[in-house]
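Participant: Given next are the chains, with one letter for each unit.
Number of protein chains: 2
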Amino acid sequence: MSSNQIKVELTSAKKQKPDFANLPFGKIFTDHMFVMDYTEGKGWHDARIVPYQPLTLDPAAIVFHYGQTVFEGMKAYLTKENEVLLFRPDQNMKRLNRSNTRICIPQIDEEFALTALKQLVAVDRDWVPNVEGTSLYIRPFIIATEPYLGVAASKNYQFIIIMSPVGNYYAEGINPVKIAVEQQYVRAVKGGTGNAKTAGNYAASLAAQEVAEKSGYSQVLWLDGKENKYIEEVGSMNIFFKINGEVVTPELNGSILEGITRDSVIHLVKHWGLPIVEKRISINEIYKAYQDGLLEEAFGTGTAAVISPVGELYWNDEKLVINGGKIGEVSQKLYNTITGIQRGTVPDPFGWNVKVEDEEIILAI
Amino acid sequence: MSSNQIKVELTSAKKQKPDFANLPFGKIFTDHMFVMDYTEGKGWHDARIVPYQPLTLDPAAIVFHYGQTVFEGMKAYLTKENEVLLFRPDQNMKRLNRSNTRICIPQIDEEFALTALKQLVAVDRDWVPNVEGTSLYIRPFIIATEPYLGVAASKNYQFIIIMSPVGNYYAEGINPVKIAVEQQYVRAVKGGTGNAKTAGNYAASLAAQEVAEKSGYSQVLWLDGKENKYIEEVGSMNIFFKINGEVVTPELNGSILEGITRDSVIHLVKHWGLPIVEKRISINEIYKAYQDGLLEEAFGTGTAAVISPVGELYWNDEKLVINGGKIGEVSQKLYNTITGIQRGTVPDPFGWNVKVEDEEIILAI
Ligand SMILES: Cc1ncc(COP(=O)(O)O)c(C=O)c1O
Ligand SMILES: Cc1ncc(COP(=O)(O)O)c(C=O)c1O
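Here the protein sequences line up with chains Y and W, keeping their order. According to this note's numbering, the first sequence is numbered sequentially starting from 8. According to this note's numbering, the second sequence is numbered sequentially starting from 8.
Treat the hints with caution; some may be incorrect.
No copy is singled out in the list; a pair is fine if it fits within one copy or between any two copies.
Claimed, not checked - The calculated lysine to any residue pairs, modelled on SDA-like cross-linking and capped at a C-alpha distance of 20 angstroms, are:
1. Lys87 x Gly351
2. Lys162 x Pro31
3. Lys326 x Gln23
4. Lys162 x Pro282
5. Lys233 x Gln191
6. Lys197 x Glu234
7. Lys197 x Glu217
8. Lys233 x Leu259
Hints listed in this document are in silico derivations from the structure and should not be mistaken for laboratory results.
All chains, please: the whole structure from these sequences, using the hints.
Facilitator: Here you go:
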């Protein structure tokens with residue numbers, strides 16, 4: 008399929024833009040959305056950009072009952088030169104297809120999906136906010152729409168992309184967050200769906216998240232489901248530590264999400280010549296490093312917050328205050344570099360940025 | 008709330024009834040559905056019975072992205088006296104609330120929900136099929152409707168009940184099914200959502216199910232997520248074995264669903280004075296019992312199939328044929344007794360049946 012096979016129906020009633028200096032996260036949506044249908048035997052068809060509108064689904068649609076759905080999260084940024092940049096969007100489409108495999112959803116054409124996404128961004132270009140720290144959050148997702156109450160993969164799907172101009176994900180912004188190590192609930196286990204970006208993982212996380220928030224923690228740090236001992240990831244971020252000069256992060260073990268920010272951090276740290284290792288890390292090792300005064304930094308990585316320094320880790324009734332509760336040097340440098348690349352203010356050595364071209368706007372309208 | 012607070016809007020165009028002698032499972036829906044809304048600060052409100060119709064939801068509704076949803080499955084049966092009976096519906100409402108707790112969904116008023124359900128069945132009474140082996144499958148479910156892309160419990164929900172006249176869940180009917188022991192994928196783990204009836208558990212199960220079906224097995228038998236050793240349950244059934252005269256079933260350990268059919272089987276077997284035990288059972292124990300010639304019966308229990316004898320268990324490249332691939336004595340007696348109680352043809356010693364009264368029909372219309 009080529010880009011001109013995407014039908015575009017523009018809205019006749021553009022919404023009023025919100026105050027870009029005061030954006031909430033994920034509550035305001037742009038004027039348009041992308042939709043494409045899948046029908047067994049026919050494949051993906053009817054790609055279209057339409058006014059943002061409600062979905063109309065049979066109450067028996069499989070997504071409501073058996074959670075057959077996957078999603079992605081990515082961002083578009085406005086540069087000083089008024090260009091719109093996407094950060095490694097090809098990686099999101101790849102991961103979407105990996106999630107599809109796990110959840111038995113048919114593969115999408117990654118290249119076509121990216122073209123569609125770029126067209127959608129071009130159509131809603133004036134929704135990419137121009138204020139420091141803001142961006143346009145993009146949410147591609149696929150839902151199973153067949154009305155059937157048997158547990159089986161759906162015969163029909165919709166692939167949808169919606170977009171939301173966003174401010175900071177955490178109220179804290181780049182200020183360090185407090186995170187509680189979860190000791191009761193489990194998010195994912197080897198053989199499960201932890202490395203797929205699928206709804207059920209997040210439903211499973213809500214209860215622990217609520218308990219943590221009540222105690223003043225913004226997220227939980229998940230331990231593995233088998234031994235409740237090894238560090239996995241944070242609610243919607245991967246986790247890194249700097250211990251005695253070395254950057255460490257949990258290895259990809261099948262139950263944590265392969266974060267694109269995580270991968271970018273690993274590339275950059277290696278590029279800088281700093282020691283970095285992906286390995287299994289127990290919470291006890293972190294505690295010992297802390298006691299020995301060797302736990303120098305901790306930070307989460309994810310599209311929403313990019314780099315989120317961890318100022319305090321709560322574990323076993325103890326508060327581990329990291330780097331005096333302040334952002335560490337490597338965390339800060341990573342934040343500056345990645346957000347700089349994303350906004351086109353620092354060089355992009357790995358060719359991560361993808362520009363939304365003007366001709367796409369022309370094509371689309 | 009009392010039953011007359013449920014607004015009833017009857018359809019002006021009744022659907023044609025399907026051939027009750029040839030019903031598929033979960034593909035045909037009745038004329039009406041029940042809907043009730045939840046709004047933060049206001050609670051549950053606007054209970055109504057309306058014509059069966061599509062749901063209209065914002066594409067950012069939390070259910071699509073974070074799977075915040077729970078459901079139930081139960082059945083209504085028509086007796087020879089033309090009465091409509093529900094089987095232990097109070098237990099389904101209790102379990103719905105337990106699932107709600109795990110998934111951070113507000114509690115429902117169980118008694119009111121049951122009243123609503125009875126009214127709905129009364130309104131669509133002529134959809135309760137009158138053919139041997141058929142019933143009206145009832146699917147209450149709750150979905151998170153708030154449009155918000157942050158991972159947090161929704162502020163708004165819908166509680167919906169839809170109904171489907173059904174035939175056999177398995178093509179096999181009461182004939183023994185073949186089940187494969189799953190050795191790669193995991194459905195649930197302690198601390199996760201395995202004991203809640205929530206969408207993500209089923210999404211997680213699809214891949215294993217597809218592999219099993221390709222090899223000619225109708226379901227998989229899940230092992231525990233921690234050690235991949237202990238028997239948990241089947242796709243949508245709990246599992247029982249009869250070993251050397253004793254009935255055994257996995258204990259409720261937090262990662263398997265507390266099946267209502269399971270509970271009914273335990274009650275009946277005890278009532279009959281047969282030895283029964285709920286305990287942790289490893290797949291190795293089952294294999295040993297099989298080798299020793301002591302594995303006398305195996306059967307799954309669940310609302311959809313009631314009792315489903317297991318004729319063959321596939322494990323470690325070996326086919327364990329149970330009771331010569333035929334239904335066992337206890338399995339058959341349980342099937343006859345439970346389906347007999349459900350249809351009012353054998354005594355109901357535990358008071359499990361709940362009659363849908365005629366006055367409810369009057370109230371409703
Ligand atoms: C569970 C989980 N882990 C990690 C991440 C970070 O991934 P990425 O860097 O690709 O945004 C996310 C979210 O995006 C997530 O949902
Ligand atoms: C995972 C799972 N286990 C067991 C059961 C059996 O429970 P019940 O007997 O209440 O139908 C079901 C379905 O109903 C189920 O979905």
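Participant: What hint numbers does the structure not satisfy?
Facilitator: 3 and 4
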